[in-house]
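So for the sequence shown, the numbering used here puts the first residue at 1; every next one is plus one.
Read the hints as simulated data drawn from the structure, not as lab findings.
We treat Cβ as the ideally placed atom computed from N, Cα and C, and that holds for glycine.
Possibly wrong hints are sitting among the right ones.
Per label pair, the in silico range of CB-to-CB distance [claimed, not checked]: (1) L48 with E109: 28 to 34 Å; (2) R89 with P23: 27 to 33 Å; (3) E109 with P44: 35 to 41 Å; (4) S69 with D42: 15 to 21 Å; (5) K101 with V24: 28 to 34 Å; (6) R49 with S69: 25 to 31 Å; (7) E4 with M87: 14 to 20 Å; (8) E109 with Q86: 29 to 35 Å; (9) D95 with M38: 16 to 22 Å; (10) D42 with M97: 27 to 33 Å; (11) R89 with F63: 16 to 22 Å; (12) T105 with D42: 35 to 41 Å; (13) K101 with P47: 18 to 24 Å; (14) R104 with G46: 18 to 24 Å.
No more than 25 Å apart at the CA atoms, straight line, and that leaves these computed lysine to any residue pairs for SDA-like [what the hints assert, rightly or not]: (15) K70 with N84; (16) K101 with Q82; (17) K70 with M80; (18) K70 with D42; (19) K70 with D59; (20) K101 with I67; (21) K101 with V76; (22) K101 with S56; (23) K101 with Y51.
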Amino acid sequence: EEPEKLSVATLKTDRSKMQLNFPVTRHYYSDLAFDQDMEVIDTPYGPLRIYALERSVCDTIRFRDDIGSKAVGSIVRSYMRQENRQMERLLAYADAMRVGKIVRTKLEEGKE
Numbered sequence: 001e002e003p004e005k006l007s008v009a010t011l012k013t014d015r016s017k018m019q020l021n022f023p024v025t026r027h028y029y030s031d032l033a034f035d036q037d038m039e040v041i042d043t044p045y046g047p048l049r050i051y052a053l054e055r056s057v058c059d060t061i062r063f064r065d066d067i068g069s070k071a072v073g074s075i076v077r078s079y080m081r082q083e084n085r086q087m088e089r090l091l092a093y094a095d096a097m098r099v100g101k102i103v104r105t106k107l108e109e110g111k112e
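My request is simple: use the sequences and hints to build the entire structure.
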């Protein structure tokens, strides 16, 4: 399923124009938050910077008003089906990002 728009993490100081052929929502981060747990993977199209799965789940919950409740619910359910999920790591990210209570609620909803 193709998303309606792409969400992109960027530095607070980055105001460059993105020339893309589809809708993009930018989420701005401080230098420290931007680089935390980022890794680079090689793709046929060049290097791609991605975040840890648990951080990404917390980011979707943090930006749930922009992303939409249907998409957030789908992401949480998908995460809960992962055999390699790391719940302690997820909850640590959630608490650090100040969305711990909301993440715990969404996890309970995702079990249903």
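*When you take the CB atoms of E109 and Q86, is the distance between them in 29 to 35 Å?*
Violated: the Cβ-Cβ distance is about 20 Å, outside 29 to 35 Å.
_Outcome for the supplied range 28 to 34 Å, where the beta carbon pair is K101 and V24_ = 30 Å Cβ-Cβ, so the 28 to 34 Å window holds.
*asked:* Hint check: K101 vs Y51, CA-CA at most 25 Å. Holds or violated?
replied: Holds, because 22 Å separates the two Cα atoms, which is no more than 25 Å.
*Evaluate the given range 28 to 34 Å for the C-beta pair formed by L48 and E109.*
Check passed, 30 Å falls within 28 to 34 Å.
*Regarding D95 and M38, is the given constraint of 16 to 22 Å on their beta-carbon distance met?*
holds (20 Å)
*asked:* Check the hint pairing K101 with Q82 against an upper bound of 25 Å on the C-alpha distance.
replied: Roughly 21 Å separates the two Cα atoms, so the pair holds.
*Hint says 35 to 41 Å; check whether the CB-CB distance for E109 and P44 agrees.*
holds (37 Å)
*Within 25 Å, alpha carbon to alpha carbon, are K101 and I67?*
holds (19 Å)
*In this structure, is the beta-carbon distance linking R49 and S69 contained in 25 to 31 Å?*
Between R49 and S69, where Cβ atoms are some 27 Å apart, the hint holds.
*Do the alpha carbons of K70 and D59 lie within 25 Å of each other, as the hint requires?*
Status holds; Cα separation ~15 Å.
*Hint says 18 to 24 Å; check whether the CB-CB distance for R104 and G46 agrees.*
violated (38 Å)
*Measure nothing beyond the straight line between the CA atoms of K70 and N84; if it is 25 Å or shorter, mark the hint as holding.*
holds (23 Å)
Hint compliance for this structure: hints 4, 7, 8, 13, 14, 18 are broken, all remaining hints hold.
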